[in-house]
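Colleague: Chain by chain, the residues:
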Amino acid sequence: MNLLMEDMVKSFGANNVLKGVTFELKGGEIVALLGENGAGKSTLMNILGGVVLADKGTVKVDDEVRDFLKPLDSLSAGIAFIHQELNLVEDLKVYENIFINTELKRKSGFLDIPLMCEKCEEIFKRMDVKIDPKAMVRDLDASYKQMVEIARALMMEAEMIIMDEPTSSLTEVEIEQVFYMMKTLKDQGVGMVFISHKLKEVVEICDRYYVLRDGAMVSTGDIKDVTTNDLAKFMVGHEVRTENLQRERPIGEEILRGENMSLKRCYKDINFSIRAGEIVGFTGLLGDGRSELFRSIFGGTTDYRGQVYLEGKKIKAKNPEEALKLGIGYLPRDRKENSIVKDMNILENGTIVILPKLKKGLLIDRATQREKFKGQVKKLSIKLEKDTNMIGSLSGGNQQKVVLAKWLLSDPKVLILDNPTQGVDVGAKEDIYDIILELADIGMAVVVLSSEALEVIRVCDRTHVMYHGEIRGEIKGKQMTEENIMRLATGGELSESGEKSHGIN
Amino acid sequence: MELTKSFLMKFGTWFKDRWVNNLLFSTTLILVVMLILQAQALGFDFNSFGEWFATWSRNLTNVLRNNSGVGIISLGMTFVIISGGIDLAVGSTLVAVGAFIMVLMDTGPHGILGNAGITGFPAYMIAVVLGMGVGLVLGEFTGVLIAKGKIPPFVATLGTMKLFRSVTQHFMQGYNPAVPKAFLPLASLKIGSLMLMPIIYWLIIAVCMYIVSTKTVFGRHIYAIGSNERTARLSGINVSRVKRRVYVLMGFLVSIAAIVQVARIGSMDYANAGSGYELDAIAAVIVGGTSFAGGKGSMVGTVLGVMIIAVMNNLLNLWGVPPFLREAFKGAIVIAAVLMQRKEKEL
Numbered sequence: 001m002n003l004l005m006e007d008m009v010k011s012f013g014a015n016n017v018l019k020g021v022t023f024e025l026k027g028g029e030i031v032a033l034l035g036e037n038g039a040g041k042s043t044l045m046n047i048l049g050g051v052v053l054a055d056k057g058t059v060k061v062d063d064e065v066r067d068f069l070k071p072l073d074s075l076s077a078g079i080a081f082i083h084q085e086l087n088l089v090e091d092l093k094v095y096e097n098i099f100i101n102t103e104l105k106r107k108s109g110f111l112d113i114p115l116m117c118e119k120c121e122e123i124f125k126r127m128d129v130k131i132d133p134k135a136m137v138r139d140l141d142a143s144y145k146q147m148v149e150i151a152r153a154l155m156m157e158a159e160m161i162i163m164d165e166p167t168s169s170l171t172e173v174e175i176e177q178v179f180y181m182m183k184t185l186k187d188q189g190v191g192m193v194f195i196s197h198k199l200k201e202v203v204e205i206c207d208r209y210y211v212l213r214d215g216a217m218v219s220t221g222d223i224k225d226v227t228t229n230d231l232a233k234f235m236v237g238h239e240v241r242t243e244n245l246q247r248e249r250p251i252g253e254e255i256l257r258g259e260n261m262s263l264k265r266c267y268k269d270i271n272f273s274i275r276a277g278e279i280v281g282f283t284g285l286l287g288d289g290r291s292e293l294f295r296s297i298f299g300g301t302t303d304y305r306g307q308v309y310l311e312g313k314k315i316k317a318k319n320p321e322e323a324l325k326l327g328i329g330y331l332p333r334d335r336k337e338n339s340i341v342k343d344m345n346i347l348e349n350g351t352i353v354i355l356p357k358l359k360k361g362l363l364i365d366r367a368t369q370r371e372k373f374k375g376q377v378k379k380l381s382i383k384l385e386k387d388t389n390m391i392g393s394l395s396g397g398n399q400q401k402v403v404l405a406k407w408l409l410s411d412p413k414v415l416i417l418d419n420p421t422q423g424v425d426v427g428a429k430e431d432i433y434d435i436i437l438e439l440a441d442i443g444m445a446v447v448v449l450s451s452e453a454l455e456v457i458r459v460c461d462r463t464h465v466m467y468h469g470e471i472r473g474e475i476k477g478k479q480m481t482e483e484n485i486m487r488l489a490t491g492g493e494l495s496e497s498g499e500k501s502h503g504i505n
Numbered sequence: 001m002e003l004t005k006s007f008l009m010k011f012g013t014w015f016k017d018r019w020v021n022n023l024l025f026s027t028t029l030i031l032v033v034m035l036i037l038q039a040q041a042l043g044f045d046f047n048s049f050g051e052w053f054a055t056w057s058r059n060l061t062n063v064l065r066n067n068s069g070v071g072i073i074s075l076g077m078t079f080v081i082i083s084g085g086i087d088l089a090v091g092s093t094l095v096a097v098g099a100f101i102m103v104l105m106d107t108g109p110h111g112i113l114g115n116a117g118i119t120g121f122p123a124y125m126i127a128v129v130l131g132m133g134v135g136l137v138l139g140e141f142t143g144v145l146i147a148k149g150k151i152p153p154f155v156a157t158l159g160t161m162k163l164f165r166s167v168t169q170h171f172m173q174g175y176n177p178a179v180p181k182a183f184l185p186l187a188s189l190k191i192g193s194l195m196l197m198p199i200i201y202w203l204i205i206a207v208c209m210y211i212v213s214t215k216t217v218f219g220r221h222i223y224a225i226g227s228n229e230r231t232a233r234l235s236g237i238n239v240s241r242v243k244r245r246v247y248v249l250m251g252f253l254v255s256i257a258a259i260v261q262v263a264r265i266g267s268m269d270y271a272n273a274g275s276g277y278e279l280d281a282i283a284a285v286i287v288g289g290t291s292f293a294g295g296k297g298s299m300v301g302t303v304l305g306v307m308i309i310a311v312m313n314n315l316l317n318l319w320g321v322p323p324f325l326r327e328a329f330k331g332a333i334v335i336a337a338v339l340m341q342r343k344e345k346e347l
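Those sequence lines, one after another, are chains A and B.
First residue of the first sequence? That's 1 in this note's numbering, and the numbers climb one at a time after it.
First residue of the second sequence? That's 1 in this note's numbering, and the numbers climb one at a time after it.
Careful: at least some of the hints might be erroneous.
Listed next, the stretches of chain A that the computed footprint assigns to chain B, with coverage defined by at least 3 CB atoms under 8 Å from CB atoms of chain B [what the hints assert, rightly or not]: (1) 317 to 323; (2) 333 to 342; (3) 346 to 360.
Away from chain B, derived, C-beta distances all over 12 Å, residues of chain A [to be verified]: (4) 2; (5) 247; (6) 277; (7) 329; (8) 403.
To be clear, the hints were calculated from the coordinates, so they are not data collected in a lab.
All residues carry an ideal CB built from backbone N, CA and C; glycine is no exception.
Input sequences plus hints: build the corresponding full structure.
Modeller: Shown next, in the form of C-alpha cells:
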C-alpha cells in the first residue's frame, strides 16, 4: 500500500498551519515526522485520520484520490491513528477493547467470546507478543496497552499506522518491546508514521524522516544520512531569534531550594536553588515531570521524598492554601481547566486568591477589592471594558493577565509560572515577558516552566533541562540555545554528538 | 401601522433576549402570570375589591406559610447545589431535630426538661438552641462524609437519609410527646388577622442568605468551587472546608425549619414528616434557575422558585385538578426550567 499527500494547505482563521506540504508513506517502512510544537505535525496527521479537513491538496491511496471526511473513512482505507492519549476502556478485557463496536456474535445473538479470543491470539502472534485476551486492560503495563491499541488497528485491517508519541509514557524496557513489535510489523509490510521528539529513538527505529517547521516541510531524507544533531537543527531552523531579554539586576538571598526530591513515576533526585531576583527556567518535553515537581511544592501532594526549603526554613505544604500562606504563588498550565472560574466576572477572577484578606467585618470590602484590582489592570495593561463582565469576554492574552494579576496580588516571595504564555498571541506574549522581568527586578524569585525553548531563552537567566523526571543539565548565558536545550531534553549530552542510545541510566 | 409593527419587532427581540439571558426575568414573569391567574380563580371583582383582597391575601399567606419550611430548606439547598452537591437527607434531618426538641419540651411524664424542673420560656429557649445544635452536628456529619470521606454527595446523603429517619423512628416508638401550648405562638402568632410568623422567618433567612451568597468570602468560594473545583483548589481555597460548611449550614437551616414546623403543627408523624421535602426543595432551586451542574444560581431565584411551585399548587387546587395529577405539573415545570437553562448555554 502506498500513501501520498500532495500540497496540503490548511489554515485556522488567519493562522496558516500547513503551507503546501507533501508527504509520502510506503508499506513496510517506518517514517519519522518531526517538528517543534505548533509546526503542523498534528494537523497533517489529523487530515490523514479524518479529524480535520484540508483546505487544499490531495490524498492518494495507491494512486487513487480519497477524501477523508470522518475518522471512519480513513479507517476503512486502512489507515489507523493511535493517539498519544490511549483510547482504551480500562475496565473492559483486552478482547472486548479490540472488538469494541465490532463484536462478533453467534447466530443466537449472544457474543461469541471464544472466536473473539481466538482472533486476538492470531493478531498477537503476528505481532509476536504475548497478551492474554481475557486480561483486564487496567492490569496491563503501558507498553502492552499500546500494543492492544495497535492490535485493534490491525484487526480492522489497517496497513498504515500513525503513532503519535507512542513512547512518551513508557520506560526504557517497554520502549524496546514496542520497537521490537514495530520491526515485526514492518517486515510484514505495514507502513508506520512515528511522531516523536525523542531523536535518539527516531534514529534507532526509522528509515526516513520528514521535518516540519512553521507549516512547511523543510527537510526530508534517509535516516542513515543524518545524526540527531542534524535533525535538531532542522527542527529549530538556522536563523532563530534568540536575543535574550535578561538584564543586569542584583541577585539576593536564596528563596527556594529543593533537595533530593523524588516522587514515584513523576520525578527523581531533583536538586535546585533559586535566589531573589532570579528568573530560572525548567524546560523539557511533555511528561518530563517539571509540572509535577512544582505542583508538589505548591501542596499538590505530600507523598514526595526529599526536602523543600523556603528562605532556609524547611517547609512541606499540605495543600495550596498553606503554600499560599507561606508565600508561594503558582500559575498552573491549561488556563481553562486550572485558572479560570468561567461563571465569575473579571474582578472576582482577579481577586479570588486574596478574597479572605479583603474581609471587613463579615463582608467583602468591595471598594478595596476594586481598587487593588484596578492597580493590577494598570500595571499589567489589561484591556477590559467593565470589570463586572464575565471572564470569558476577554481575549486569551488578557485572561492570562487577569490570572497573573490574581497571583501578583497575593504578593508571593516566589512565583512559579507554568506555561505562562499558553494560548496567548504574540503581542501579549511579549507583555508577559516584560512583566516577568519587572517582577525579578523588584526582587521576586521567578520560576518559568515551559516546553518552548525559545521562551526560556528569552526570559530566563538560566534553565534546568529535564528528561524523564530528572534534571539532565543546567545551562545559562550563551550556552542557552535551542539546540542545546533540545539535545538535553531528548536525553543527549551537551558536549558529545548524539551517538549514544536513548538510555540515560 | 408601520410604527406598531416595528415597535412589536423591537419588543420581541428585547423580550427574547431577556427571557433567555436573565433567569430572574423569566421566573418573575412566570410568577406574575400565576398570581394573576390565581386572582382570577378567586373571583376577582372590581366592585367588591376589599372583600376579594381579604380572601386573596388570606389564601396567599396560607399557601406561603405552608411552604415556608420547604422555603427555608431550599435556601440551604441552593448553596448545596451551587457547590456541586445534593442533599437528600433534609427530610430525615427535619424529623430527627423535630423529635429531639419535642422530647425536650414534652409536658408529659417523660419530658426531659420538665423532669429537670425547667419549664416555660427557659425550656423553650434551651430546646430551640439544642435543636439547632443537633442540626449543626448532623450537617457536620454529612459534610465530613462528603468532604473528608470523598463520598459522592448523592450516596452520602442517601445513607444519612435512611440513617437519621430510621434511628428517630426507633427511639420514638409508641411515644408521643405533647408540645406545650405556650410554644405554639412561635409560629402561629397573629399579626393583624394573618399568621405571618413562618413567612417572616423564611424571608429574614432569605435576606441573610442573599448577603452571604453575594457579599461574603464563604459565599463566593462556594460559587468558585461549584464552577471549577480545580481552579478553586489551585487558588488556595480550602475546598474540603468550604464544602463541609455548606452541609453544616444546610443542617442548621433544616433545624430552624423543624422548630417552625413543630410550633406550627404541634406534633410530628415520624414516618412521614418532611419526606419529599428534599425533592420539593431541589425542584424549587432548579425552577429558580440554579444550575444543577453547580457554579450558577441565586437566592432570589430560589425564593421565586418556591413561590412559583407553591402558587401553582394552589392554582391547581382552585381549578379543581385532581390531587394525584398535581404532582405531574410540578414535574413538568422542573423539566421546563432545565430545558430553558440548556437553551441559554447553547447560545
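Colleague: Indicate, hint by hint, whether the structure satisfies it.
Modeller: Against the structure, the hints come out as follows:
no.: 1; hint: 317 to 323; verdict: holds (count 4)
no.: 2; hint: 333 to 342; verdict: holds (count 6)
no.: 3; hint: 346 to 360; verdict: holds (count 7)
no.: 4; hint: 2; verdict: holds (44 Å)
no.: 5; hint: 247; verdict: holds (31 Å)
no.: 6; hint: 277; verdict: holds (24 Å)
no.: 7; hint: 329; verdict: violated (9 Å)
no.: 8; hint: 403; verdict: violated (9 Å)
Of the numbered hints given earlier, the model fails hints 7 and 8; all others are met.
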